[in-house]
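Work the whole structure out from these sequences, hints included.
Number of protein chains: 2
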Amino acid sequence: MERCRLVFSGSGGQGVITAAILLAEAAVLCEGLNAVQSQSYGAEARGGATRSDVIIADGRIHYPKVLQPNVLVCLTQEAYNRFASIVRPGGLLITDTRYVKVQRKVDAQQRELPMYRTVVEQVGKPIVFNICMLGVVITLADLVRPESIMKVLEGRVPKDFLEMNQRALQLGVEMGNAAKA
Amino acid sequence: MERCRLVFSGSGGQGVITAAILLAEAAVLCEGLNAVQSQSYGAEARGGATRSDVIIADGRIHYPKVLQPNVLVCLTQEAYNRFASIVRPGGLLITDTRYVKVQRKVDAQQRELPMYRTVVEQVGKPIVFNICMLGVVITLADLVRPESIMKVLEGRVPKDFLEMNQRALQLGVEMGNAAKA
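So the protein sequences, as listed, match chains E and H.
Letter by letter, the first sequence follows residues 1 to 181 in the working numbering.
Letter by letter, the second sequence follows residues 1001 to 1181 in the working numbering.
A hint or two may mislead.
[What the hints assert, rightly or not] A few chain E residues facing chain H, derived, Cβ under 8 Å:
#, residue
1, 28
2, 36
3, 39
4, 42
5, 64
6, 108
[Unchecked claim] DSS-like cross-link-like pairs, simulated, lysine-lysine; straight-line CA separation at most 30 Å:
#, chain 1, residue 1, chain 2, residue 2
7, E, 125, H, 1159
8, E, 125, H, 1151
9, E, 101, E, 180
10, E, 180, E, 105
11, H, 1065, E, 151
12, H, 1151, E, 65
13, H, 1151, E, 159
14, E, 101, E, 125
15, E, 125, E, 159
16, H, 1101, H, 1065
17, H, 1125, E, 125
18, E, 65, E, 180
19, H, 1159, E, 151
20, E, 151, E, 65
21, E, 180, E, 125
22, E, 65, H, 1065
23, H, 1180, H, 1105
24, H, 1125, H, 1159
25, E, 151, H, 1125
26, E, 159, H, 1159
27, H, 1125, H, 1151
28, E, 159, H, 1125
29, E, 65, E, 105
30, E, 65, E, 101
31, E, 151, E, 125
Honestly, the hints are just simulated from the structure, not real lab data.
Just so you know, these numbers come straight off a predicted model, no measurement behind them.
Glycine included, every Cβ here is placed at the ideal spot set by N, Cα and C.
Structural data, given as structure tokens:
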């Protein structure tokens, strides 16, 4: 694969760091790729916007920060306001309809998706919002297979919680497929 | 504070990434510092050695990778064999007596501590091994207050589990204080 640079952004508690780590681990452990995952904390974190970067590649990765992501996810208005402008021209910008009002055009494909609402309605557990988002991302950006994400989840999530993660991931994959067409 | 560079290493499942994230968040959210936290996955991760890097500083941090850590923690023999040589001369190398047999001298203070055994004996839950380790690290390296770690934990850990985390952290602090003298 080509190198892919991603930025997940939102607020603390939405699970964007966990989603980034799951993606990086799935890429490496299940698909034989290399990955770097990082977060910077500072004024941004204190202000409430969490950002987590992932780079996936089949070769070595030297510099772990992402300057212009191919894929940018914004799960809060604050994260959107702060980061929307960094998306790579021609890239992909994914926002959640419940949390973000898209206010400007960027030179990227924009996908406004009801991820939060769908998870609450179909699974009933907002805690797997981030897993649904990950399903959307891997599908729209064609990154790793859902099975690889599930395999990593199996090693981290108590058995009783696997099914709701699986459902959230599947909802994300379906939403991603629908948004592709 | 001066800038501090740390590397936590071990195997997947020991919680070294979580420990690194907790430390970075505590430094930023509770103590007004800046922090960067990252992990590289690749041949190392596939081989079973997980490594997570943290940099804490009161100024800006530009390059997020740690080349020579002031503080290196190794929780498995494989991690020790691979990383012991990168500790900064005059730095601090912390290993767990259950998992690591120290086989060579490095130009650093070496502390071999029974963290795993103590957690199992006193708390009965190996899952908080990483929190005990974090207590040792913040005490020996004088990084952040235990209260700051607890504050971050309160936002992440279900209420029923807070007490065992608190005990593990406290055990680590005591072990760190004893190892200082």
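Status of the hints after comparison with the structure:
no. : hint             : result
1   : 28               : holds (4 Å)
2   : 36               : holds (5 Å)
3   : 39               : holds (6 Å)
4   : 42               : holds (4 Å)
5   : 64               : holds (5 Å)
6   : 108              : violated (25 Å)
7   : E:125 to H:1159  : holds (18 Å)
8   : E:125 to H:1151  : holds (25 Å)
9   : E:101 to E:180   : holds (21 Å)
10  : E:180 to E:105   : holds (19 Å)
11  : H:1065 to E:151  : holds (28 Å)
12  : H:1151 to E:65   : holds (28 Å)
13  : H:1151 to E:159  : holds (28 Å)
14  : E:101 to E:125   : holds (23 Å)
15  : E:125 to E:159   : holds (16 Å)
16  : H:1101 to H:1065 : holds (27 Å)
17  : H:1125 to E:125  : holds (27 Å)
18  : E:65 to E:180    : holds (28 Å)
19  : H:1159 to E:151  : holds (28 Å)
20  : E:151 to E:65    : holds (26 Å)
21  : E:180 to E:125   : holds (26 Å)
22  : E:65 to H:1065   : holds (10 Å)
23  : H:1180 to H:1105 : holds (19 Å)
24  : H:1125 to H:1159 : holds (16 Å)
25  : E:151 to H:1125  : holds (25 Å)
26  : E:159 to H:1159  : holds (20 Å)
27  : H:1125 to H:1151 : holds (21 Å)
28  : E:159 to H:1125  : holds (18 Å)
29  : E:65 to E:105    : holds (25 Å)
30  : E:65 to E:101    : holds (27 Å)
31  : E:151 to E:125   : holds (21 Å)
In summary, the one numbered hint that this structure violates is 6.
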